[in-house]
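Chemist: Sequence:
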Amino acid sequence: MVSQKEKRLADASFRLLHLISTRPELSTRKIAEKLGVSNGYAYYILMALIEKGFVKLDNFKSSKTKKQYVYLLTPKGIREKSVLTIGFIKRKKREFEELRKEIDALERETKLSTKIKS
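Just so you know, we're using the numbering used here here: the sequence shown kicks off at 727 and counts up by one.
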């Protein structure tokens with residue numbers, strides 16, 4: 727069984743890989759803002775992905791000072807993004823079905839209770 731912490735980390739990793747695949751020039755601060763996490767957590771995830779070989783850091787070619795960096799997915803990172811995407815979709819579908827069942831039950835309960843009060 728996967729813990730909530732592992733689910734959150736997998737979701738954040740998926741979202742980060744997806745984000746930098748479309749916007750590689752974003753700073754860590756902007757990544758954190760887009761993901762809705764702290765700068766420290768975004769940096770932590772990013773460094774873990776770099777360490778695993780999923781992301782590499784490169785100089786931004788159009789930067790005059792060469793101090794700005796871009797985050798690029800490696801071939802290994804592209805594969806990992808695909809794996810995480812499939813897991814994310816499966817997990818969200820399960821959550822959706824559970825939520826739908828809960829809503830249906832509440833609607834049945836509410837209709838029943840309104841009929842009793844009438």
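In case anyone wonders, no lab produced these hints; they're calculated from the structure. Do not rely on the hints blindly, as some may be mistaken.
List of simulated lysine-lysine pairs, DSSO-like, C-alpha gap at most 30 Å [stated by the list, open to error]:
| hint | residue 1 | residue 2 |
| --- | --- | --- |
| 1 | Lys827 | Lys778 |
| 2 | Lys760 | Lys819 |
| 3 | Lys802 | Lys778 |
| 4 | Lys731 | Lys827 |
| 5 | Lys731 | Lys760 |
| 6 | Lys818 | Lys731 |
| 7 | Lys802 | Lys782 |
| 8 | Lys802 | Lys837 |
| 9 | Lys782 | Lys731 |
| 10 | Lys731 | Lys802 |
| 11 | Lys827 | Lys782 |
| 12 | Lys731 | Lys778 |
| 13 | Lys731 | Lys756 |
| 14 | Lys837 | Lys778 |
| 15 | Lys778 | Lys760 |
| 16 | Lys816 | Lys733 |
| 17 | Lys731 | Lys837 |
| 18 | Lys818 | Lys733 |
| 19 | Lys816 | Lys802 |
| 20 | Lys756 | Lys778 |
| 21 | Lys756 | Lys837 |
| 22 | Lys782 | Lys756 |
| 23 | Lys756 | Lys827 |
| 24 | Lys733 | Lys756 |
| 25 | Lys760 | Lys816 |
| 26 | Lys760 | Lys733 |
| 27 | Lys827 | Lys802 |
| 28 | Lys782 | Lys837 |
What follows is a set of in silico ranges between Cβ atoms, one per label pair, in the way DEER data are often shown [claimed, not checked]:
| hint | residue 1 | residue 2 | range |
| --- | --- | --- | --- |
| 29 | Lys837 | Ile776 | 52 to 62 Å |
| 30 | Met773 | Lys733 | 45 to 55 Å |
| 31 | Glu833 | Tyr767 | 36 to 46 Å |
| 32 | Gly766 | Arg826 | 30 to 40 Å |
Glycine included, C-beta positions come from ideal geometry on N, C-alpha and C.
Chemist: Does each hint fit the structure? Answer for all of them.
Modeler: Here is how each hint holds up against the structure:
no.	hint	verdict
1	Lys827 x Lys778	violated, 39 Å
2	Lys760 x Lys819	holds, 23 Å
3	Lys802 x Lys778	holds, 9 Å
4	Lys731 x Lys827	holds, 25 Å
5	Lys731 x Lys760	holds, 20 Å
6	Lys818 x Lys731	holds, 16 Å
7	Lys802 x Lys782	holds, 11 Å
8	Lys802 x Lys837	violated, 52 Å
9	Lys782 x Lys731	holds, 25 Å
10	Lys731 x Lys802	holds, 24 Å
11	Lys827 x Lys782	violated, 43 Å
12	Lys731 x Lys778	holds, 19 Å
13	Lys731 x Lys756	holds, 23 Å
14	Lys837 x Lys778	violated, 53 Å
15	Lys778 x Lys760	holds, 23 Å
16	Lys816 x Lys733	holds, 12 Å
17	Lys731 x Lys837	violated, 37 Å
18	Lys818 x Lys733	holds, 11 Å
19	Lys816 x Lys802	holds, 22 Å
20	Lys756 x Lys778	holds, 22 Å
21	Lys756 x Lys837	violated, 46 Å
22	Lys782 x Lys756	holds, 18 Å
23	Lys756 x Lys827	violated, 37 Å
24	Lys733 x Lys756	holds, 23 Å
25	Lys760 x Lys816	holds, 23 Å
26	Lys760 x Lys733	holds, 19 Å
27	Lys827 x Lys802	violated, 38 Å
28	Lys782 x Lys837	violated, 56 Å
29	Lys837 x Ile776: 52 to 62 Å	holds, 54 Å
30	Met773 x Lys733: 45 to 55 Å	violated, 20 Å
31	Glu833 x Tyr767: 36 to 46 Å	holds, 37 Å
32	Gly766 x Arg826: 30 to 40 Å	holds, 36 Å
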